[in-house]
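Number of protein chains: 2
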Amino acid sequence: MRFAARVEVMPKAGIADPEGQTIERSLPALGYDGVAAVRVGKLITLELEADDADAARARVEDMCRALLANPVIEDYRVSIA
Amino acid sequence: MRFAARVEVMPKAGIADPEGQTIERSLPALGYDGVAAVRVGKLITLELEADDADAARARVEDMCRALLANPVIEDYRVSIA
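Chains Y and R are the protein sequences, given in the same order. Residues in the first sequence are numbered consecutively from 1183, following our numbering. Residues in the second sequence are numbered consecutively from 1183, following our numbering.
Careful: at least some of the hints might be erroneous.
Since the list gives no way to pick one copy over another, a pair counts as held whenever it fits inside one copy or between any two copies.
Claimed, not checked - The calculated lysine to aspartate or glutamate pairs, modelled on EDC-like cross-linking and capped at a C-alpha distance of 16 Å, are:
{"#": "1", "residue 1": "K1194", "residue 2": "E1256"}
{"#": "2", "residue 1": "K1224", "residue 2": "E1190"}
{"#": "3", "residue 1": "K1224", "residue 2": "D1257"}
{"#": "4", "residue 1": "K1194", "residue 2": "D1257"}
{"#": "5", "residue 1": "K1224", "residue 2": "E1243"}
{"#": "6", "residue 1": "K1194", "residue 2": "D1244"}
{"#": "7", "residue 1": "K1224", "residue 2": "D1234"}
{"#": "8", "residue 1": "K1194", "residue 2": "D1234"}
{"#": "9", "residue 1": "K1194", "residue 2": "D1233"}
In case anyone wonders, no lab produced these hints; they're calculated from the structure. Everything numeric in this text was worked out from a predicted model, so none of it was measured.
Only chain Y is shown next, with the shape it has when bound in the complex (with noise of 0.2 Å):
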């Protein structure tokens, strides 16, 4: 079966987000006060080949351990539809 996968991945709480600090640093110049802890993670979608919905899971976080995150310094979440 055909499954559709979603990966969030995030810098892990403490990890330096220089790509959110920005974000957050120009808002101000922008007009938009009042914004904070803005954190920039991935969202990758994805489809893949899997006997059942708890197969194709397993897959996808192999897969985030292997390539699509770097587990010491982000987590990540997979959803399956």
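Fit chain R to the given chain Y structure using the hints.
Frame of chain Y, contents of chain R only:
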């Protein structure tokens, strides 16, 4: 009131996605076959002050057009919690 917002930014359909293509080409070499349609976007989380959820959403959508996304080549979706 303080709201948490999530912004999903994805390349529009038909727009080249070099990062997604690179991931898709790399997966078979790592033993992951049968993966297709890999697309890579951004997931941005932030907190902001607004009078109500509708105002928060409108403000974040403005921020998307001004800074967070490139509406020519990217679609964005805002959710408020």
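K1224 and D1234: within-copy, between-copy, both or neither at 16 Å Cα
Neither: 25 Å inside a copy, 28 Å across copies.
Taking 16 Å as the upper bound on the Cα-Cα distance, should K1194 and D1244 be classified as within, between, both, or neither?
neither (19 Å within a copy, 27 Å between copies)
I want to check one pair: K1224 and D1257. Are their C-alpha atoms no more than 16 Å apart within a copy, between two copies, both, or neither?
both (10 Å within a copy, 14 Å between copies)
Are the CA atoms of K1194 and D1234 at most 16 Å apart within a copy, between copies, both, or neither?
For K1194 and D1234, neither the intra-copy (30 Å) nor the inter-copy (29 Å) Cα distance is at most 16 Å.
Evaluate K1224 and E1190 at a C-alpha cut-off of 16 Å and name the case that applies: within, between, both or neither.
Answer is both: 6 Å inside a copy and 9 Å across each meet the 16 Å cutoff.
Classify it for me, K1194 with D1257: is the Cα-Cα distance of at most 16 Å met within a copy, between copies, both or neither?
So K1194 and D1257 pass the 16 Å test inside one copy only (6 Å; across, 26 Å).
Same-copy or cross-copy closeness of K1194 to D1233 [CA-CA at most 16 Å]:
Cα proximity of K1194 and D1233: none, with 32 Å in one copy and 30 Å across.
With identical chains treated as interchangeable, where does the CA-CA distance between K1194 and E1256 reach 16 Å or less: within a copy, between copies, both, or neither?
within (5 Å within a copy, 25 Å between copies)
At most 16 Å between CA atoms: does that hold for K1224 and E1243 within a copy, between copies, both, or neither?
within (15 Å within a copy, 19 Å between copies)
The structure fails hints 6, 7, 8, 9 (numbered hints given earlier, in ascending order).
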